[in-house]
Amino acid sequence: ADGPRTMQISVQAAGADHDALVAKNWKKQWLANGREESGITADQMDKMLAYIKAARSDLCHQSFVAVSPSGVVVGSAACQLWSGPAPQFDGDKAGTVWGVFVEPEHRRRGVATRLMQAVIKHWTSIGCQRGVLLCASEEARRVYDRLGFGPGHMLLLELQPSDAAAPAPSSVTLETAHGAEADAHVLRHLRAKHLEERAPGASRWAGEELPERAAAFVKGARERLEYAVCVARDATGAVVGCASSNVWEGPGSNNHSWQTLIRQDP
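Numbering (the working numbering), first residue to last: 33 to 298.
No lab work stands behind these hints: they were computed from the structure. It is possible that some hints are incorrect.
DSS-like cross-link-like pairs, simulated, lysine-lysine; straight-line CA separation at most 27 Å [stated by the list, open to error]:
(1) 153 with 56
(2) 60 with 85
(3) 85 with 153
Computed Cβ-Cβ distance ranges for the label pairs, DEER-style [to be verified]:
(4) 49 with 192: 18 to 28 Å
(5) 171 with 100: 19 to 29 Å
(6) 171 with 71: 17 to 27 Å
(7) 69 with 204: 40 to 50 Å
(8) 272 with 74: 22 to 32 Å
(9) 227 with 182: 39 to 49 Å
(10) 73 with 252: 17 to 27 Å
(11) 164 with 69: 24 to 34 Å
For every residue, glycine included, the Cβ atom is placed at its ideal position computed from N, Cα and C.
Could you put together the complete structure from these sequences and hints?
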């Protein structure tokens, strides 16, 4: 957390020439928070650089670096539009941030706060109405609390090898669905959920953009993220519910050995 001894730094927008530094700091962050070096795949850097390049192209990605008066980079942060882990089908934009890292000897001196202020300014500049982040440590949480972040609608389940789903009611049959039929069920139920929960914005489903956006999300998740669909059928064979699941692909979490730690059910 930041303390009273504010450090004199400048926070600068960083381009592709700083991507490797941002990726290395992201790795340092995870190691500092308890990840084992052995749990990081050999191609981690290549994956990270590809991730940043794609986010810069598609998600308004912007990295920031904190530079000391002597010209040394003492911290960094990366931010972009939030793109998942479920299809984004309302008109509100959300920003996300990842890889917020400050070198240990420069912590508690306002560096993280300055980096986050630059992130929030970038979110505003690209039209975001809110920010989303995953907090890796209690120390970081204190910084985010002071900046106005609060709890949101996310639940986390720590899975155990022995965990198994509860049996379905006898009146319902569960099965895995595939292909176009599965996608049609998912799209229909996403639309119904949207109409139920977000009535003021329901008209946004009238055009083709949102179904196409959901279809693009499903296509990408099927290709990269072990995407699966389970449907529930009643005694007549009619589909009465469905659930999609895939490996988590949050900001920066593109290392497959870490993705499999968390799965997200849209």
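For each hint, the structure was consulted:
1. 153 with 56: Judged against 27 Å, a Cα distance of about 24 Å means the pair holds.
2. 60 with 85: holds, 20 Å
3. 85 with 153: Holds - the C-alpha atoms of residue 153 and residue 85 are around 21 Å apart, at most 27 Å.
4. 49 with 192: 18 to 28 Å: violated, 44 Å
5. 171 with 100: 19 to 29 Å: At 21 Å between Cβs, range holds.
6. 171 with 71: 17 to 27 Å: holds, 22 Å
7. 69 with 204: 40 to 50 Å: holds, 46 Å
8. 272 with 74: 22 to 32 Å: violated, 46 Å
9. 227 with 182: 39 to 49 Å: violated, 28 Å
10. 73 with 252: 17 to 27 Å: holds, 20 Å
11. 164 with 69: 24 to 34 Å: holds, 28 Å
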